[in-house]
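Novice: With the hints in hand, could you dock these two chains into one complex?
Heads up: the protein sequence lines correspond to chains A and B, in order.
Quick note: the first sequence uses this note's numbering, first residue 1, plus one each step.
Quick note: the second sequence uses this note's numbering, first residue 1001, plus one each step.
Simulated from the structure, these hints should not be mistaken for lab results.
This one's a predicted model, so the numbers in the text were calculated from it and none came from an experiment.
Nothing false has been slipped in among the hints.
Within a straight-line C-alpha distance of at most 30 Å, the following computed DSS-like cross-link-like pairs (lysine-lysine) qualify:
#1 B:K1269 / A:K101
#2 B:K1269 / A:K67
#3 B:K1234 / A:K49
#4 A:K101 / B:K1363
#5 B:K1077 / A:K101
#6 A:K108 / B:K1076
#7 A:K101 / B:K1080
#8 A:K128 / B:K1080
#9 B:K1362 / A:K185
#10 B:K1076 / A:K101
Covered stretches of chain A (chain B as the covering partner; in silico rule of three or more C-beta atoms under 8 Å from a C-beta of chain B):
#11 52 to 62
#12 97 to 108
Cβ coordinates follow ideal geometry from the N, Cα and C atoms, glycine included.
Each chain is listed here by its residues.
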Amino acid sequence: MKNLQFHYHMEILFSQPVHSHIYTLKCLPVTTDTQQIKACEYTIYPAGKVQESYDSFGNRMLYGTEKGEHTRFQVDVTGRAVTGICDMDRQKEKTDISVYKYQTPLTKPQERIRRLFMDCRRQADFSKMPLEEKVRFYMKTVQQHLTYHKGITTIYTTAEESLALGKGVCQDYAHVMLSLCREEKIPARYVVGMLMGEGESHAWVEVFDGAKWRGYDPTNNLEVGDLHIKISHGRDYSDCSINRGVFTGQAKQSQSIWAEVSEIQTEQAMGGIRQDDYDGGKGKPSGQ
Amino acid sequence: MKDFELTKQSETVNELLARYGVKFGIYKNNEFREQLFPFDTIPRVIGKEEFCYLEKGLKQRVTALNCFIRDIYSEKKIIKDKVVPEEFVYLSSGYLAACDGVMPPKGIYTHIAGIDLVQGKNKEWYILEDNLRVPSGASYPMIAREICRRSSPDTFESNHIEDNRDYTKLLRTMMDYSNTGGHTVILTPGRYNAAYFEHSYFAEKTGAHLATGSELTVEDDYLYFIDYSGRKEKVGAVYRRISDEYLDPMTFYEESVIGIPNIYDVYRKGHVALINAPGNGVADDKGIYYFVPKMIRYYLGEEAILQNAPTYLPFYEEDMKYVLEHFDELVLKDVAEAGGYGVVFANKMTAQEKEDFKKLLKKEPRRFIAQEVIDFMDIDILEDGIRTPRKADLRAFVLMAEEPMVWKSGLTRFSRNPDSFIVNSSQGGGFKDTWVLSQ
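Chain B extracted, bound-state conformation (with noise of 0.2 Å):
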């Protein structure tokens, strides 16, 4: 990578993407406050040769996740065979008795993904986390590279990157593909979500309508969008960026206010597609993340070319022994937890916290899962004009059509802590772009 000026340009680049209001939503003791999501001008770098490798990893991953959530509220194979213990399924939060039996258009569930890769010191790549529900994030290295380009074009010129805004394009693709035939409509509870920036600005790139779910309604067994003048449109396709237990208050929460009521009726006809699918969350659950590379080959036939972070489940008793004797070493994970909740790593307990802690897990084996640290390539942010190495982790996309897509980019989150890991942006966080090399 060539020396380039994008670096002086830090705080221009800031500035420009507040003023397109790239913000962060977050609540704290019950107000809402919008922060801004810093960005570091230093791109993470990925040559052509890793990606692909990633790309290869990624699209069987997914795959296998498509088919597992398929098989759970179908036939439940992997569960007749005894691969993943049925409790772990039903137990799950994210799973739904209401998705037993109902297929989605073209067998998708899992549309978007945001997987989480860490890189170790050892260059090895590891999965922490797959992302199934409402995957946020591709909005901000795409707004982020808009800038840059127009700041610092040479920077651009002169090194061979591949072009990143291409990701509206993949999404039209896998909506389109989706789609039962009608408008696709992207549903947002509202500007008081985290990520209404990156709803407004995902329907302004697509094309597609921004809607609350005061503006569609269900009638005759199919869904409407009501446009400004009173007309009713078809809508084939629905990228909801609302979480299913408020999607329809008829089948799920009863109380919610800004979901759809009998939008789920729909669904279950095939007379539209949701965007991801409904009680998909049963494979993002922490606990289940275990069996993903055993998902792999049991419907692919194949080894797990990206690898777990060494992961133990306390559930099953020679892990829970490994747990217990190597306790100070492991970060435990509570699986009904996200967003960095519900992390802890042993080593920072005191004494009195760590046998608290062993207390509860031998009490609720199946709450937890504990994994080897690893050790992160930490990668140099800007800190008052200095490079500073923090951890970062990389979040990859991953799109589902006829086959699935990888977006050659990705948000690269950082954690501004110098001694922290996590880097939810929940939690204050930075991003960074991410450049796939072209050559």
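Pulled out of the complex, with its shape left as it was, chain A reads as follows (with noise of 0.2 Å):
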């Protein structure tokens, strides 16, 4: 267990003023089992109304306009987060399960992953192993077929994509290992959240494992315990994008993501965990 505080920051800056700018945004953790949330607060730059809802997965939502013209949109979200709860047996969250059965347009296997699948399947002593076992054996598995590397995927990359590639980024070890774990029906869904350290968003996978949801993170071949807070949750990364936006304006975008989670008594460094690198300074608020 852990107390944390955590500080995400997302800019976007426009080449030219845009109007009418509309978003809904994901941005916020919320209290789950094996985390609470101790205090969240939010700041939306251009300041204007915004509206709170939850989604059908649970995920708390902010959305609004911005009429006016702007050329940078900023959203910051500090807060402070006791991680790495465990002490209950069952999930209390209520959630739809079945939902995270089935392959989704993203997960969808091809000839690759039911491939890779057969494979994971011949070894030895494969359908005597408890449920965990095999979740961790599928997420090492990811992690020895893919191997890091920013900027070759999208986000409309799929998971037989990128395991063809053999490259890609959080995303697509999430994706691929939601594949092989729905080819065996095991109830998976894809989480964004942020890891201990500096870096961008991070995404990872959560198993149901007929008692309760049980994060693995196949970036880092680690289970989840108190290094990761979790801001959202659905069938895969469509369900959970952080930010979606349209503007009116002939603008073009560019977009930064930072992150920072830290011990609030103790800070330690976090050696040997792989983050997507914090890009140089730029749109870090001043003051931090």
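Specialist: This is how it looks when you write it as structure tokens:
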């Protein structure tokens, strides 16, 4: 169990002024069976009226419209969380589990994933393995078959495509792992969150073990304990995109995301954990 | 029915329909073409008693479908009780996870249902399909009737026919019942849509605003219509003629430019009615069709009044066995397709095609349903002034307000090709008026 503080920062710069900018954000962590959000504040620039709601997966949403012209859109979320809570046997969160059993367009397996899945099943004693061990095996397999490489895949890359490339980012690792679990009819969902240290947002997987959801981070071949702060979950990336927006104006946009998670009392450096590199201080608010 | 002179007016009526813009747009090879929807002056006639029976059956069916959709997006009892296997729900293209836990105003999901029926040679009616997403076509028999009355008033004086022009009244009653407070809007993707004629016709007849997505805007959790002078009017009901995926780029298909950003959030908070309700396509899936008689039993404790065409689900082993053994007698339908696409008659396949299809069927059993070919009752059409029999179906319209209401008419579509069973307008069929006798 850890007491963590976090700061998530997202900024979009427009090359020309835009207006009538409508956005929906899923960027606020919520209390779950394994994490408790002690404090959470957000600021949105330009500061307009913001509505709140929850989507059908239970994620907290912010949405609104900025009518006036602007060249910058910025979101900051700060707060404190207790992570790694594991004193309960069964989940309390009320969720529909079945919806996570089925493949989506992003996780749908083709030949390569099917072959990888069959290879896994051919492992000695695979059929006798308890679910947790199988899932750990899938996680390890994914990590072995993908090399972390930024800028090759996009948000539209399917699990099959990234496996064919053998490369990807945390989102791709998660999609391939979801695809394998779902081939086995294990309910598995996509998770967006933040990881201890500095970097971008992170993505991993949660698997329902029959009683509760357990987190697995295939990018790091790591079971989720108290180093991760979860923001949202869904069937795949498209259910969890942190920011969706439309605006009017002929502008190019560049987005930068930055997240920092640290322990409140004793700050420890996390060695050996891979994250997206923090991109040169661009967009870091002053005074941080 | 007395002989009437209406059939002599065929050319005049079709000319008038063309002048009023009764057209059907289709996309072929990426090109948009509008074509006339040929009208045949010989009506389909349904007797009073027979229609009463249809009406009862249709109300029962749509009531059960509405219960099913409400259940799927809330408690899912029908899945827990193992009446419908969950994969048929979650893998259906019409199932939208974003609708889970969201209750539409008045709990209505099936505001307008277009139920396709055929009459067999044995006079028995069979349900072919339940169209719940955005069923179109009611405007065609309405305007055709209007023109026919003008061309041949005597015909309507000497025959006792239910007036079908009250469809707009039913539409208005249904829209007002669901309205959460505010204006009623008909949302169209624009004039390049196949059914644009219908959108503008309904707006004119019901007094609703005809709007495109850019004329509607979300503010502080309410939906507003911006009129030509820039004035904002609150909207309480949207009869949307665009599909779920395009409705809101913030929740569904992100690249949609014809939708309204954040309209789904307004709906989620109960501040606007969307007609029909998003996600209701889960019940018009061809795979789910098989389960409708079971739904009627499950939710209403009644036996289905109107029968399905005998249907087999290769997903079930014994059905698969039957399908493979009786392959040549069946028609196979891809559950994900609509508009007459993805329908194949096994007896029209070559030996090689049959082998390939059977392989595909074994590989993806959930993707298909198989049905007995129903020997439709033919209906006469006029071809070069001569009565010629053709295959025809009937789309009945059921509207849901406090109670389901069945329109005393319907769209009768026929196949112009003498060898074809497919009557869809997108496949070049024509239409007829449907008379329901009042005595």
